[in-house]
Each structure stands twice: as C-alpha cells, then as structure tokens.
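Participant: Sequence:
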Amino acid sequence: MAEEELGLLESESPNAQALHCFSAVPEGPERELWAAPARSRSAAMVSVALLTSGAVIGLAGSLLGNRESNHMASRGVTRWDDAMQASEKKDSFLPDFPSQCGKMEEGVEYNVEGGWYLALDHIPDPEMCCSMCQGTSKCLSFTWVQDAGLDGCPSQCWLKGGEPKWTDKKSGVVSGLPPPRAPFPSSKELAALQAPPKEKKLGGSFFCFSLMVPGSYEEDLLKFQHEEKISIFGCDEWDVYTNRTIHIAPGLTTSLVPVDLTVTFGGDSYTALNSWIFIAVWKKVIDDGRHMTHDWVVKVDPDAVFFPERLRPIAEQYKGLGYINNCKYGLHGPIEVISGQALKVLEADYKASYDGKAPKQCVEKLHFGLWGEDFFLSRCLWQIHNITRETEGALMCEAHCDCPDWYWCDGDRVTYHPFKRTDMYRQCMANSIAAVSKA
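In our numbering, the protein residues as written are 1 to 439.
Worth flagging that the hints you see were computed from the coordinates, not collected in a lab.
It should be emphasised that the depicted structure is a prediction, and the values quoted were computed from it without experimental measurement.
For glycine and all other residues, C-beta sits at the position ideal for the given N, C-alpha and C.
The reader is advised that the hints may include incorrect statements.
Computed list of lysine-lysine pairs in DSS-like fashion (alpha-carbon distance at most 30 Å, straight line) [claimed, not checked]:
1) Lys201 with Lys103
2) Lys201 with Lys283
3) Lys319 with Lys103
4) Lys169 with Lys223
Listed next, with one range per pair, are the computed distances between beta-carbon atoms [claimed, not checked]:
5) Ile246 with Leu190: 41 to 49 Å
6) Pro214 with Gly251: 12 to 20 Å
7) Phe184 with Ile314: 18 to 26 Å
8) Pro258 with Glu163: 36 to 44 Å
9) Leu370 with Lys170: 24 to 32 Å
10) His367 with Asp260: 18 to 26 Å
11) Gln317 with Ala435: 21 to 29 Å
12) Lys170 with Ala435: 29 to 37 Å
13) Pro258 with Asp236: 24 to 32 Å
14) Gln341 with Gly102: 45 to 53 Å
15) Ser255 with Glu163: 31 to 39 Å
16) Ser205 with Ser92: 22 to 30 Å
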C-alpha cells in the first residue's frame, strides 16, 4: 500500500510524535564510554555506563558533543512510549509473546563475583536486554531494571560476565541467561553463501558505499566487514567515504569528500539533520561516475548488517525502477537502493546549479532544513523529478519500520539496523544466517 493511501506523509510513522524509549548500544571496547542522542527531545539524555568492581561509572547524556552527536546517519534504537506504558501497567514484565531468550526470571537479581560488567541505558524491555547479552561476547547473564531513575525511558540493562553465583529477590527486575550463540561462519562458508558465479549479475551490478565518521566505532565495523568480505565489500564495487584520507586496513583506504561531518539533531522525530552532508556525498558518487558503470548504487550505513546476495533477486524484480523504497513510512537511511538511471537525472540537476555542488531544483523547491538525508533524497527523486519507486519490506528490519524484534536478526531481511559494536554486528549476521539455513 502506498504512503498516500495510508494517509501519512513520508517518513511519518504513526508513533513519530510519541516519546521514544531509546537504547544506546555501546560502540566498542567497554572502556570507551560515550553518549548518544535520543530521537525525541524529551528523551535526549542517553548514556552508556561501565560497571567495574561494583562501582558505576557513567557519562551523562547531555554530553552530545562527542562522537555519536557527530554521527550523521545514526537513527538509534527505539521503542515507542505506548509500548513502554503498557509494560508499566502489566502485572508481569515478562514478554507476552514467545521469547527467544535462554532463561528469564522475574523479581530476581542475578549476582556474579567480580569480572566484566556493562550497563546499557534506556533498554525498554527484558527481551531486548537478553538479545544485547547474546550479542555481546563477554556476557553470560543479565539483569533488566524497569526503573533505574533515568530521564525519559527509565529502564536499564545490566550485562554481566559471569553466571549467577547467588540471587536476590527484588521487585521491578528481570534476570536471565542468553540463548546459545549461533556460530559465525568461516571465511569458506561465507564465500559459499554469496551468489554463485552464474548468478552474480542477477539484478545487475552493484556499487555499494558507506560514509564513515573518522575515529568513531564505524572504523572498527568497516575493518571487520572488509576482513570478512561482507556487507558493502560483497558488492561488485565498493567505496568508503569520509572527510579525511584514512588507511583503515590493507586494501581499504577511504575516499575524500570535503565536507564537515558535524551534524545537529532536530525536527519532529529528533533526527540527524544531515541533508547537506549527503548532498556532498552523492555529488562525489556522481563525479566518480559510479552510476554510469553500475545498474544500482547502494548506500549502506556502517552499523547496518547488510546481505548483498539477498538484494540481488529483489533488484532483479525491480529492474527499470528509479529506486526501491525500504519502508511503508518512506525511505529510511540504513540502506538506500538507487538506480543508475535515477542518478543520471540527479546528475543533471547538480549541473543545473550555479556551482554544480547541489541539485538545483531539489534545493530550491524543498524546505528541508529540518529533514534527514533520507527524507530529502526521497522527496528530491520522487516529488521533484518524478522518479518511479516501489516499496519492498524485505529490504530492512529496524524498529522505526514496524520490525520490533529487529535485535534478534532471525529472518531473511536484506538489512538489520542498528548494531554499533562489532560483536553485536557479528552475532546479528550469524543469527540471520542460521535462521535462513534452518528455514
């Protein structure tokens, strides 16, 4: 069903105005504490805390000038406030749907002796907490706290590096053990999962790229993806853009886009106001002629778990289309699949501007000051240039598009988002591969 038939403006989820319950997933080594912006003004205080030797060390979410506030493509992890209010009214905090968790006990706190601890703020329910434990390689048990006294969504998830030695009865908490971790495939197994040579061109050729913030967790994610030849590195051609030339790994050097990657947040959904950043990035893609040599240009966020081989049959299905929309609420940024033909139209609009640095008609006709880049791009292509599109739900699973159990990665979607830690990214990919092989 088209967005117009739903009576919605593009990118407007029915819950877009609700108070979001935001989860800040840590970016890497536990010693690197950081804060991330919530996608709601009223939930703007978000932090990640490290628990060591029984002491809690935290960063206040007001520190929005750090790495995450500069992450131009971050959408975060949300659960809607109506769901949170419903859980507060329930007699039980245990899920009222089939849980995938290994074990959960309500009203019980698990205690371990010393070792590794990590706290995640604003995790809305114990099921998500359990999935965070499964995705974090050091986690052997967890305790979810319904009200940890935090601003906005008050819940907290405690990940623990040991199995419980003793338990305490305590109201408002749920403790448990993660389910078994699906093994990450070997390099040989990963290669076998890629489309065989005779089907390599199914759907046409792909140029895939990511935009990276220098010095952020994205470098580790992209290094891991490059080493395993997954995500964008499984496409016919790929590139990583940023505003500095960085040698991330042997064979992986970034391409320069001269643009300030600092971004502010705002608008009704408190999203990243990054349209001008990606106007510069798409100019670089066009200037490099990528759209002239490939059928599809695919932009993928570094924290999106992306399976290019799953995109091929979808691209084959939509041959001749301008771009493939990934959500019934409008185009969302974790994956953007744009045809080479559509980018030729955009190229002409760039050339029509006085300095060639921005698409003339789109910039002049759209009031995009409080828009994210995905909303701007979609409106530019669809509204201004009448580029054809179709919505394909199999492209993406994230909380912002009615995929509430995104964190388990237990299906065959092309993309799961977001996973900002390498171990969580790795486990998501392993879970999805295992789920597809069982099916």
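Participant: Taking the hints in turn, state whether each one holds.
Facilitator: To see whether the hints hold, each was checked on the structure:
In summary, the hint linking Lys201 to Lys103 is not supported, as the alpha carbons are separated by about 44 Å, beyond the 30 Å threshold. Between Lys201 and Lys283 the alpha-carbon distance is near 26 Å, which keeps this suggested pair within the 30 Å criterion. Between the alpha carbons of Lys319 and Lys103 the distance comes to roughly 46 Å, so the proposed pair goes past 30 Å and is violated. Taken as a hint, the Lys169 and Lys223 pair is broken in the structure, with Cα atoms around 44 Å apart against an allowance of 30 Å.
Roughly 25 Å separates the CB atoms of Ile246 and Leu190, a value that falls outside the hinted 41 to 49 Å. In this structure the hint that Pro214 and Gly251 lie 12 to 20 Å apart at CB holds, the actual value being about 19 Å. Restraint check, Phe184 to Ile314: a C-beta distance of roughly 25 Å satisfies the suggested window 18 to 26 Å. Separation of Pro258 from Glu163 is about 52 Å and departs from the stated range, judged on CB atoms against 36 to 44 Å.
Between Leu370 and Lys170 the beta carbon distance is about 43 Å. The supplied range of 24 to 32 Å is therefore violated. In this structure the supplied range 18 to 26 Å holds for His367 paired with Asp260, their Cβ-Cβ distance being about 22 Å. In this structure, Gln317 and Ala435 meet the distance hint of 21 to 29 Å, their C-beta atoms being roughly 22 Å apart. The supplied range of 29 to 37 Å is met by Lys170 and Ala435, whose beta-carbon atoms lie about 34 Å from each other.
For the pair Pro258 and Asp236, the beta carbons lie near 27 Å from each other, so the given range of 24 to 32 Å is met. Between Gln341 and Gly102 the CB atoms are about 49 Å apart, so this pair conforms to the stated range of 45 to 53 Å. Here the CB-CB span from Ser255 to Glu163 is close to 47 Å, at odds with the stated 31 to 39 Å. Distance hint for Ser205 and Ser92: a CB-CB separation of about 52 Å, inconsistent with the stated range 22 to 30 Å.
In summary, the structure is inconsistent with hints 1, 3, 4, 5, 8, 9, 15, 16 from the numbered list given earlier, while agreeing with the others.
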